[in-house]
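Residue numbers (this note's numbering): 16 to 380.
Don't take each hint at face value.
In silico lysine to any residue, SDA-like type, Cα no more than 20 Å apart, as pairs [as the list claims (entries may be wrong)]:
(1) Lys277 x Val289
(2) Lys247 x Gly50
(3) Lys290 x Arg275
(4) Lys250 x Leu331
(5) Lys342 x Met260
(6) Lys131 x Ala198
(7) Lys247 x Ser365
(8) Lys290 x Lys247
(9) Lys21 x Ile220
(10) Lys59 x Leu322
Each pair of labels, with its calculated beta carbon distance range [to be verified]:
(11) Glu215 x Leu157: 57 to 67 Å
(12) Gln28 x Thr109: 40 to 50 Å
(13) Thr298 x Lys21: 33 to 43 Å
Calculated from the structure, these hints are not laboratory results. Quick reminder that beta carbons are idealized off the backbone N, C-alpha and C, glycines included.
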Amino acid sequence: MEQPAKVLFGADQAIFRTNLAIYTPLLRDSKKRKGWSCAHTLVKDLPGTGKTAMFNYVSDSLSAKLGRVDGRPDTLPFDLTGKEERDKFTGIRTILRGPLFSNIFFADEIDRTPPKSQAPMLGAMEGAHVILNVSHEKDGFLMPTMFPLYPISDDPDEKRMFFIVFATMNGIEFEGTYPLSEAQMDRFTYSFGMGAPSREQEMMIRFENVVNKEVKVVMNLGQVLDIQEMVKRIKLSPQADELIMRHIENSWPPSRDMYRFKESRKRHTNPDMVKFIEEYVITGCSRRRNYHMQMAALTHRLMRLFLEDDKEIKSLDRVVAEVDDVKAVAPLTMEHVIRLHPKAMNENISSGDVVQRIVAETVLP
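Kindly produce the complete structure, drawing on both the sequences and the hints.
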């Protein structure tokens, strides 16, 4: 976290959250079984708050292959995936790989990319793969071929993969933008804003404080994956496990129980909160959010141990994530997937307000 902070002032919290995402392992769909991937992250804030700079500098502090696409209305799917091209003189076919073939894929102003061109990201985010139409060696027919994302080194024997999507959105502009689908939003584990620096921190934003400052590579992806393995050794406490389920249940209006749960569920909160959710929320957290919230809480617990230089790091099998860890990651993992009724906007109620009430008013186990 120290490297990006050399040139970004007042963004410590956002940098911490981005590092939290990098260290978060996440289950993904794989052939015949679940595999492991990374926690994709969306930052939505006003222009000029340092969203792009933060992702650039955090990425620069890692030894990783980077891919980037700037959101434009003329972006086509193969601008992300790449394509196969045939030399008209020699007949040799070559696969030109797009920026999705990377360890860290950065989609800047993602909502300026048309839905057709955002579609390739769905498979990449959920299954850590890209599908290209490639000519069959024998008969020359085009065949859909799956390419995994993405080896952490150029060693052909390297089996470990690392692929994460960083994306930014402008929080106030709607002209020339395309709303992200619910399916795509649900694939982001984390979403947050940059926050606001203090007056003293903002006064540090002067050229003499950043000129000649260089962000250095301090970690490779092998080390990142080792940290993710440490996260997997931590367990949820029974109370934290139950609280995740209560947060998810409380995010849904009771009138939608049969649609979401196929049964009526008890709400562990007060009647006013239930009425509030019923009035302003259309849909809450999906089943997939269980994975996201669990792994986010476990990673948050490990990050706390790192920051406190706790000796428990040496005995992770006995470490458990507590209720406070679930509460800390709830806003980061829930806000962007809750769909609000149009009347909520008219009354200036945001999904952040909804999650704040869920966290504050859910009865603890």
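Verification of the supplied hints:
no.	hint	in the structure
1	Lys277 x Val289	18 Å, holds
2	Lys247 x Gly50	13 Å, holds
3	Lys290 x Arg275	18 Å, holds
4	Lys250 x Leu331	9 Å, holds
5	Lys342 x Met260	12 Å, holds
6	Lys131 x Ala198	14 Å, holds
7	Lys247 x Ser365	33 Å, violated
8	Lys290 x Lys247	38 Å, violated
9	Lys21 x Ile220	11 Å, holds
10	Lys59 x Leu322	26 Å, violated
11	Glu215 x Leu157: 57 to 67 Å	60 Å, holds
12	Gln28 x Thr109: 40 to 50 Å	45 Å, holds
13	Thr298 x Lys21: 33 to 43 Å	42 Å, holds
In this structure, the earlier hints numbered 7, 8, 10 are contradicted, and the remaining ones agree with it.
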